[in-house]
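Colleague: Sequence:
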Amino acid sequence: MEQLNLAIALCGLIVVATGLVSSKLQNTPLSAPLIALAAGVAAGPFGLNWLNTHGWTSPEPILKEAARFTLAISVFGVGIRTPPQNFTRLARPVGILLTLGMVAMWAVSSAVAWAVLGVAPLMALLLGAIVTPTDPVVASSIVTGNAAERMLPDYLRSTLSLESGANDGLGYLIVMLPILLMTASDAAWSRWLWDVLAVGILLAVAIGVAVGSAGAWLLHRADKAQWVEKHSLLGMSVAMSLMVLAGAHLIGSDGILAAFAAGAAFNVGIDRQEDLEEQQVQEAISKLLNLPIFVLLGAMLPLAAWSADVPRLALFAVAVLLLRRPLAVAACTPFLGGGLQRRDDLFLGWFGPVGVAALYYALLAQEKTGEGLPWHATSFVIAASVAAHGLTSGPGVKLYARRAAPA
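Per full-length UniProt numbering, the very first residue in the sequence shown carries number 1; after that it's consecutive.
Don't read these hints as lab results, they were simulated from the structure. By construction, the Cβ of each residue, glycine as well, lies at the ideal position given by its N, Cα and C atoms. Warning: the hint list may mix true and false statements.
Have a look at the derived ranges for each label pair, beta carbon to beta carbon [as the list claims (entries may be wrong)]:
hint, residue 1, residue 2, range
1, 98, 16, 31 to 39 Å
2, 391, 58, 30 to 38 Å
3, 251, 322, 18 to 26 Å
4, 186, 314, 34 to 42 Å
5, 19, 103, 36 to 44 Å
6, 23, 315, 34 to 42 Å
7, 315, 370, 19 to 27 Å
8, 337, 227, 37 to 45 Å
9, 46, 120, 26 to 34 Å
10, 391, 54, 23 to 31 Å
11, 308, 370, 36 to 44 Å
All chains, full assembly: derive it from the sequences and hints.
Modeller: Structure, rendered in structure tokens:
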């Protein structure tokens, strides 16, 4: 119980501290997720040992479930903060990034894993799939806030947000294929088609759209009857995301994708968008829930396992960050459209962080396969991505603004 209270106190301290200096942080190379990650490392077993995660019962399942809940609330927030017209306006570039882009990122990351880590092809495909999704939690720190809203155009912020929100759930499709081929080879394809594609993905979208649309209709009726207070919307959005996540999971579907679909459907269906914007839903959710997951991750990083093979892990992480996203976006560039310009493609090519989604899938893969490599290798990439994208987000946004400014 003491460890639980320490964890809660530390997470609360980080949220409060970063909130008090949030405006100043936007003018420094530091990002809130990077600060939270560093705080977790400092408080963990290899630092001050305030959070002795080695003594916790089943720490990795705790981290996996915390990541799952964080993702659900984050992707729901992406769905409701996106201007409704952008769902159709940006359908082409987002659709290309979710199809050709994801396949390209998977292929590049898998090739890097095979070449650098020397693993078997199926393990390489698994590692590549795990680091493919673009993380909405880290991405939100790049595309939200006063500086980002002032310097980045709405269509660029929405493109990155929508892609990161959707591909976290779609990542389940490619992560489960190598897992099934490794653990149930005889029935792998049939199980993938039914359990993963039909039940996991298609049913998740249907559930999310149904719940989100129903929630919007009920809100409209309640609002018309003057039963709803303005301050209840934030709580309602968080509760709906958790309800969809848990409900979809109970029937074997992908709760993360269902949460994103629910948020998007809810957003399109409501007529109180201005209230959601005034409450700054995504920013509030980020401060409350997104930073604690990085504190926990920092405390649980497998530093001892890393120390046995730092050079290869470092090369793997650097290669993934420099090749995975830039090459995929370069392949997609001729087809993106949507008003995106070359500077937009360059921005999207770099800012595709690896974060909480990869954390969740790495721990899921470890649970399903019994192999420790997915967790050890992926956690190294996540730490590198949080550092690299956190340190470059401020300068990157300012550089984009300078290039976009009229001569």
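Colleague: Taking the hints in turn, state whether each one holds.
Modeller: Outcome of the hint check:
Judged by the Cβ atoms, the range 31 to 39 Å given for residue 98 and residue 16 holds: they are separated by roughly 36 Å. Checked against the given bound of 30 to 38 Å, the beta carbons of residue 391 and residue 58, roughly 33 Å apart, stay inside it. For residue 251 and residue 322, the hinted distance range of 18 to 26 Å is not satisfied, since their beta carbons lie about 40 Å from each other. Judged by the Cβ atoms, the range 34 to 42 Å given for residue 186 and residue 314 holds: they are separated by roughly 38 Å.
Checked against the hint of 36 to 44 Å, the C-beta distance between residue 19 and residue 103 comes to roughly 39 Å, which is consistent with it. Remark: the range hint 34 to 42 Å for residue 23 to residue 315 is upheld by a beta-carbon distance near 37 Å. Hint check: residue 315 to residue 370, Cβ distance near 26 Å, so the stated range 19 to 27 Å holds. Against the hinted window of 37 to 45 Å, the Cβ-Cβ separation of residue 337 and residue 227 comes to about 43 Å, which satisfies the hint.
One distance hint, 26 to 34 Å for the beta-carbon pair residue 46 and residue 120, holds here, with the actual separation near 30 Å. Evaluation of the 23 to 31 Å hint for residue 391 and residue 54 yields a pass: the beta carbon distance comes to about 29 Å. Our hint of 36 to 44 Å for residue 308 and residue 370 is violated, since their Cβ atoms are close to 19 Å apart.
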